[in-house]
Amino acid sequence: MVSMCLCVYLCPCVCLCSCACHRVRPNVHDAFAYLHAHPDINKGAHLGPSFLPYHRVFLFLYEKLLRIYNRNVSLCYWDSTSEPEKMTWSPTWTPELFGNVQGLVSTGFAKGWVTPLRALDRQGGVLGRPLTDEDVRIVLTKSRLGEISMPAAAVDANVELMHNYAHTYVGGIMGQVQSAAYDPIFWFHHSFIDCIYDKFLKKQRKLGIDPMRDWPVEHGDNTTHGPFAPMRLGSLRNIDGAQEFFSREIVRCEPMPVCTVDDQCGEYMRCDKSRQKCISDTLRPATEMGPMWSSVENLLASLQQTKFASQNDPLAASSFGFGFIFQQMEQFAYPAASKI
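The sequence shown lines up with residues 1 to 340 when you count with the UniProt record's numbering.
Hints were generated in silico from the structure; no laboratory data involved.
It cannot be assumed that every hint is accurate.
Stated by the list, open to error - Below, simulated BS3-like cross-link-like pairs (lysine-lysine); rule was C-alpha separation at most 25 Å, straight line:
(1) K86 / K111
(2) K202 / K86
(3) K203 / K142
(4) K277 / K203
(5) K206 / K86
(6) K142 / K202
(7) K86 / K199
(8) K142 / K277
(9) K86 / K142
(10) K142 / K199
(11) K277 / K86
Let's have the full structure, built from the sequences with the hints guiding it.
Here you go:
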C-alpha cells in the first residue's frame, strides 16, 4: 500500500517542478504557499475555530489546480503518529522520500529547491514533536468544534496546537508560519490533519450534530473567526468548510493498515506487533531495540492516499478567487525567525 501511494505522492511534487506548470504563476506550489503566508489576505485561517474548515477548502483548491496538469493526482497524507522518536530512525528523511531533515535539503525529490524566500531547509528535532495516537484519540472523544479548536479547547485536545508541534518538529522553512507551505511536506501534514477533521465530522453526524450549526460561542474576533466571516476564497464563509459535500463527495482518507507481520506494512515500515500498527522506524539501530517503545510512540510514516478531488469530475467545482493571511503564532515559529 505504501509503495502504491509513493508513486502518487511523487506526482504532485514532480508536477510542481515541471516547466509545464505555468498556467498559475510562478507555479501552483509557490502561488499557494504565497497565499498561505500573505499578511493581508485571510486573518481567520489560524488561532480560531475556522482553522479546520478553512484548510479543508484550501487543500481542495490546491489539489484542484494540480489536476489541471495531471487529472490523476491526489494528495496523500503523512501520518506522523507512526514516526519514531528519533528522526534518524525513520526512512521518511532519506533520499527515497522527503530527503534530509538537517540543513539545506540536498536529497530526495525536493533537493536543491529554492523558494522565493530562500533555499529549502530544515532543522528537524530542534523543537516540537510529532502527533501521537493519544492526540488523535483524545480529539475523537470530543463532539463539538469548540472543544478541539482555539481559543477555548484544552491543550490536549487542541488540533491546531498539535499541528503546530509537527511544523516545528520538521523545522526550518516548515517551522515558520510565514514560510511553512513552501516545504512540500506541508501539504502531506495538512492532509493528515484534515483526515482527523473528517473523522470528527463523521462522528458529529452520527451523534445528530449538524457541523454547519456547530460553531463555538467563544471564537475570538467575530470579523475573522465568526462562522459567517469571509474565508476570502471567493465568496465562501468560514462555515462552508464544514459542508457535508466535502466528506461525501471529495475527501477519501484511506485508513492506516493494521498488521500482524512486517509484510503487511510496505517497503518503508515494519509492524509493531504489540499495537498491531505499522511504524516507520526501519532505520532504528539494533542496539536501540528494546522491550519498551518510546512514550512519544512513533511519528510519521506511511504516505496514504487522500483523495480531495471528485472522482467523477475532478474539475467540476467552480473556481474561486484567493485571499487570506497566515497569522503569526509565537508557539509556532522559531524565536529567532525573521519576518517576511
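Status of each hint after checking the structure:
1. Between the alpha carbons of K86 and K111 the distance comes to roughly 22 Å, so the proposed pair stays at or under 25 Å and holds.
2. A distance of roughly 33 Å separates the Cα atoms of K202 and K86; the hinted pair therefore is violated under the 25 Å criterion.
3. Taking the CA atoms of K203 and K142, the gap is about 9 Å. The hint holds against a cut of 25 Å.
4. Under the criterion of a C-alpha separation no larger than 25 Å, the hint pairing K277 with K203 is consistent with the structure, at around 23 Å.
5. For the given pair, K206 sits about 38 Å from K86 by alpha-carbon distance, which is inconsistent with the 25 Å threshold.
6. With a C-alpha separation of about 12 Å, the suggested pair K142 and K202 falls inside the 25 Å cut-off, and the hint holds.
7. Using a Cα cut-off of 25 Å, the hinted pair K86 and K199 is violated, with the two alpha carbons roughly 28 Å apart.
8. Simply put, K142 and K277 have alpha-carbon atoms about 24 Å apart, close enough for the 25 Å limit, and the pair holds.
9. Under the criterion of a C-alpha separation no larger than 25 Å, the hint pairing K86 with K142 is inconsistent with the structure, at around 30 Å.
10. At most 25 Å may separate the alpha-carbon atoms for a hinted pair to count; K142 and K199 meet this at roughly 11 Å.
11. At most 25 Å may separate the alpha-carbon atoms for a hinted pair to count; K277 and K86 meet this at roughly 18 Å.
Taken one by one, the earlier hints fail for this structure at numbers 2, 5, 7 and 9, listed in ascending order.
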